[in-house]
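K.L.:
Listed below are the residues making up each chain.
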Amino acid sequence: MATYGLLIDYEYCTNCGSCQVTCKEEHAYPVGKTGIKVLSDGPWKIDDEHWNWNYFPVLTDLCDLCATRTAGGREPMCVHHCLSNIITYGPVEELAKKLDEKPKQFLMVPQFNPIAAKGEFVPSGKQKHRAAHIEVQGTGKASYAVHRHDTKVGEIDETDELGE
Amino acid sequence: MSEDEFYKKAEVVKLDTLSDVNDIGKPWRYEEDGLTVTRTSPWSPPGCHPVGCGLKLYVNDEGRLVKVEGDENNPVTQGRLCPRCIALKDYIYNPARLLHPMKRDPKDRGNADAWEQVTWDEAFDIIKKEYDRITAAYGRESIVVFAGTGREGGTFAPYGTMCFGTPNFCYTQSGYACYTPRLAAIAYIAGTTYPEWDYAGALPGRWDDDRYELTECLVVWGKAPLESNPDGFFGHAVIDAMRRGTRLIVIDPRVNWLATRADIHLQLRAGTDTAMGMAWLNIIINEDLYDHDFVEYWCYGFEQLAERVQEMPPEKAAEICDVPVEKIYAAARMYAQAKPAAIQWGLAADQKTDGMQNGQVTVDLMAITGNLDVPGGQILPGTGAGHNESGFGFEKGVGEDLQKKMIGLDQYPAYCMIILNAHADLMLHALETGDPYPIKMGFYAGNNLMSCTSMEPKRWHDAIVKSLEFCIGFDTFMNPSIEASCDIFLPLSTVAEREGTVFTHYAPCTVTAGFMHKAIEVGETMTDFELCYELGRRLRPEVWEEFDTAKEFMEALRLGRREQGKYFDEVSKNVVCQIPVDYYKYERGEMRQDGQPGFATPTGRVELWSTAFNQFGDDPLPYFLEPEFGPANPELMKEYPYILTTGARTTAFFHSEHRQIAYLRELNPDPIVEINPKVAKDLGITDGQWVRMWSPFGECVEKARITETVDEKTIHAQHAWWFPEEDGSEPNLYGNFRSNINNLLPNDHYGKLGFGAPNKCLVCNIEPVSESYDTDMDLIWEKFGKLV
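Quick mapping for you: the protein sequence lines, in order, are chains A and B.
Following our numbering from start to finish, the first sequence increments by one per residue and tops out at 453.
Following our numbering from start to finish, the second sequence increments by one per residue and tops out at 800.
Hints were generated in silico from the structure; no laboratory data involved.
Incorrect hints may appear among the rest.
To spell it out: a stretch of chain B is covered by chain A in this simulated footprint if at least three of its residues, at any positions, have a beta carbon under 8 Å from a beta carbon of chain A; those stretches are [to be verified]:
id	stretch
1	32-41
2	90-101
3	244-254
4	263-273
5	665-678
We put the beta carbon where it would ideally sit given N, CA and C, even for glycine.
Excised from the complex, chain B in its bound form (with noise of 0.2 Å):
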């Protein structure tokens, strides 16, 4: 198949409570009394996953954006939008939005009085002599690049690989604990990238589409989709699907909304998701519900699985994970009969130690159940699908020599191979010993890991402001880490003041593309794409000769062409393509790079017993782990005796984002941790009330929700949370650490591949404090409502 039909206008399918009067058909551009409206379909910033939701942007004779519609061009958004893209001026015209590059003198770190504007020329001038100083005298591998999640930079492996030249680019969550597991579970299993559930978004005319096939049943797993559009699918396609008839089956410790709808909820004791998988296949194989034509030809160590899987009984699953054993069996039949079925897993996957066997099962089950690359089931992207992001200019801007120095690549190289990533934990003793070498300079990559995704963030804190004798921050809004570490402040340019790609899933099971168009300007802020390209060329010349703009390196990164840029724009005046999607391509030899029919593993099948695992020195086939802080440890549980589960979303933010977004904070103005009405009676705490938790590793404080939700043993909290109405020089540094969850979360508790985190699944204790520490909204209004 040719590029060109890749990127294909896509069809419109127009919703039912959509007016006569509507943009269906309008080009990318077009005017409209008297405003100029530029369609668009975002990834970031503000953050969020690239999902490319359809977007109109109206822009007055002034050049301001003055609002923002949702395009109902789109096929799978069809004009809706989320609350954070509707508040999106509110966002870009914040007055406390960062506009100019600054700098600040390294001894005044922490002190947010001492920044000083500076031109981009300036900004680069230091930037270049801390560059040349530092790599002369430690190496570029003394140079590491956070990684965020999220953002287009978040993600943005240039970077570490061309801009800095440095083998580091490292995302500071312990073991990786988020969507790369998943990955690197059914890459080493199956030789694919995410095998997303099918919800006919790249089929002309959606679920009515002839090859559609109406999911019976959906397992959506350790996931909350509607309020997190997880990794680029549109989370409300759920709604989609169980207004036309899709069940639900929902695994999850807390009930939420989606779980109240299932037919079938198992409301399992977190982190023990690996025991329900297992328990899973022991009742499909020993009940004969699985697909034994899937499982004969397509599937390698069935019979090894099929005896590992007697481990796990289904009465002793509903042992360790307290759910009915009857329920367990439901479940596990519902699924397993329903054709086609799929499962949509969560996050919660990777956040536990056996985070690798968890994605392990789950890829068994949809495997065994003949559930892989059917219509209504699990799409598989083929060999064209993806772009080589992490790889791209890896040999040419590290260099062979360098390679080899990546943090964790000798002890983890499941994980730091697959990723092009220096393993974490690891990095964070780099940070505070020294050891294997120093850390000398830092770049946030659209990160603010010390208010989100780092455990233990005092401890990142003091190593980074530490370790780092120059740091460098790029972003749309001043934020803790870049406060606390940095040296220099750049500003970022918002999806409305830029071009750009848009991927589902990070490009590893594109749905959609889309593309950004550029609406407005404000002050001078630049791309990720810009930054790279311009930072990169100062830094080091020539690694970057073959681009002569910024928009050809980005064409030749997301579009895989080199026309400069002409392609792109061509292209991108579709706005939003359907990626063609074909089924049953393991048949035709569309999976593996030989042409040939199977899959891209070892052995050509879906490993269920692994050869890679094995390699990699793990068991090949699934175990369970009990959660090291639990109740397998009875000492520890008198101390702390509730399960802390942490992390699920809310739609008014994207992780530690959209606090200054007066109307997005209105929806949840304050860190809320849900207790059982039972607890909280038992601890004399009222709803509404602040309590103090803590764990083994740290503490905060989080007002108390007392509502069902979470069990008698289970307490739920938010996460990233950071308070930019208050001072932000240290120590205080927007009241950074006392609402921070991860502070009660530990590093260093991952698998034997290096991947995987107990970050929902720790324990905790509660109690009640006097103090109230309530957001007080018309403060939130006074300094953020009024936009400039």
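Here chain A stands alone, though its shape is the one from the complex (with noise of 0.2 Å):
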């Protein structure tokens, strides 16, 4: 199945606002979480003339890509309300031939809720290594702040204690 994701133009993103409060109407979050976050970088001035002033709509943890909308074949709310226009939504492998076509675009797959996505965590059950059946030999001593195996710092009979 292809991987469906969001081209955004941040070129034109003037940070009106629209995509962050559609998508919490859609998805009824409440105040404090969003499934789309406009993120700002400037304005600084590059020289006397030019500023650097871009505004970039990125996907948070919260964004589901409208599954409900896109599974009846609609686009995503930030898609269809944006007010520049600048969001659209595809199959990546298109998206990344438009991405192609202009400086100042960037390509986005979000995954909702990643940590949930992983699943609950299920124990393989795999046990690859049998404990083997081996007779032991004890030493009868234990030495303490060994660094090296050949400096030996202190060592203690324990042969007494053993009652060997």
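Fit the two chains together into the complex; they arrive one by one in their own frames, and the hints show the way.
P.N.:
What follows is the structure, given as structure tokens:
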């Protein structure tokens, strides 16, 4: 199955907030949570004439690409309502071609609640090695603070305790 | 052209990002997945300019609005929506929304807990009793209807003329420094109304229509269209044009987002725009870059204008505006040589004492470069445009004797006559002093003046509370103005609960006309038409005999028809219509009632030497006035070293509205003041710290954003802040005066014709404070997040 994502032409993101508000309305996310958020860099001056000031609508771990809508063939809400019309939904393969067409774009594939997406922890139950049945002889001595096996810092003879 | 052609269904233009599964071609109402979907084209409330963006309202079988989506069938918005309509549900079902009439004993004014729910009948009875008592004692002129901005109710002149019968409909911003000065400038100079940039909004097929020519150069002058959707213009049409190749010049003291994308940004000192405009005229005339044919055949007074602008060489303007002179030359040449070119002139034009002159130089520039009424230039409304809202019912409802009593009419006819409004500043004096006569009763028409549209708002507050014996508020939510001064509250319907129309630019330049359809009913609310009609009939039945229903009144006022609402029902099914546009109308007699070629001015031409200005006693030619509060007064600058500019908009709010909408408040939780990093360093202000600002007129606190969007001499502060989550009773009054930047702005500094006010070019000082007033978003969510 094709992987879907959003192609964002951030050259024209004006930070209007429509993507965030419509995402929250669609998913009923409370204050403080959202599936898309506009980040910013700038304004700062590149030189006397020119400014760097970009907004980046980025997808959070609560973006499900509006699964219910897209299942019915519609586009995600942020795509629908974006005032600058700069968000495109589609298979990554197609979006990658569009990404090639002009600069100042990025392509993003979100994962909804990635920890949850991994699923519950399920032990594999596979045990590759069985403990071997081999008789063992004691050394009779307990060592401590031994950093190297040839540097004996101390040694306690436990032979009596062991009662051999 | 017949009116039927006006209201034809607009042709859809599909966005490339829209899926193939969509609602293009759906009727105005349809069923989908058990929901009833109503397509509508909203105006207000919530407050907004009349853009009429396409909306689809999804209602379940219990009659509840469950979802709002942008309508792909609107040729301008094409399914796109700004956050305020996306969150419409949160406005409608907000726990703070008021849905029933209430009364309060006048001695309890300012007590938020003293309201008592009443029936509409009881409310009307109280109003009728007070109306009769007050008009018998003081006359109908003692009633003031406070006009607002944006909302339909805010400019609903029939409240004054037909409902209360007073000549004193009054927008209370000093010098009416909002839109009307620009309208007046073009009306007096060129005999037409608002010359909007041609963004192909009215052309079927939009940008690809054969008649359209892409604007080569768009000048965005003192305007933030992306955030404000000014006067009905869909702001992001600027982005649509940029993506097609339109290049920008931005003239603004602030580095806004568009400015950073412009070929040239003239970051002028706030309030010096008229000097800049005169310098552009100087360059364009002296370098022979003007349209000779248009000037020769269609303009009047070019020689005098050419002579006048010699007084403003670019080098002088560069000094006044604090902009490098070579940038001024480059911008003027770029604008003059681009074909077509257009200017989007914003609110900043009005907000200076020489606001009318700023308007004048702008119209002069549009004219001498030959960009009036050309594709991709400025579209001009022809004779058929607009509707006579302010004049509707004026003769009959007010009467000849009372008309003459309109406050300010004698002193400022150029102001009062063009908008049929009492003069704002003189109304304040009347409220304060009872001169020329006492003002005793008030009505807020879509207005919250103490938070937003009045300068020195505490002065207005005190004058209103003291002077008015009776006052009525009509709104969706409680607000500080109503809480402080009203005795009756009436609940207002939102766009989802009403029928109606929406014409871009309030009709003076209609690009699209839209229709509102009622999708839901909530509480016992009324629309402006219903209240004006129902209350009007109760107060003055003789004025209303000709209308059997509020809908007939609406049909007559908005559509010029009297067909018992049937005509409205018919055309409203189209939801949105593109009003046919035509170019070069002045060549064909379509700009004048007499059908003759030319413009509707005394000379028949665009009057670069204005006979109207001259007649009203102003200079017929443009002149620059140095801002009174600024570097021209070095003594003042010692105490108030920064230039204060205010009012830039955000998408989160419409002026003082929307502070209760949690998702919107989250976008902009606190009132923000922008301060340059160098200034912040000098004053020891850190990013996010609260600061106190003060001017000769008052003070307030806002939260600092340290940013290079303003230069080292300029401070920009957000406006219209109040805090609905706080105690509403006096003296706190929802924190209305704490972060109210209007505290720092004066009244009484308007221009010669009564228009213009220095609201965007004041001075202030600023210091850090140790307190924090940060909004607690958890509290907002708790208080307003749970819909009812």
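K.L.:
Now tell me if each hint is right for this structure.
P.N.:
Hints, one by one, checked against the model:
{"no.": "1", "hint": "32-41", "verdict": "holds (count 3)"}
{"no.": "2", "hint": "90-101", "verdict": "holds (count 9)"}
{"no.": "3", "hint": "244-254", "verdict": "holds (count 5)"}
{"no.": "4", "hint": "263-273", "verdict": "holds (count 4)"}
{"no.": "5", "hint": "665-678", "verdict": "holds (count 4)"}
Checked against the numbered hints given earlier, this structure breaks none of them.
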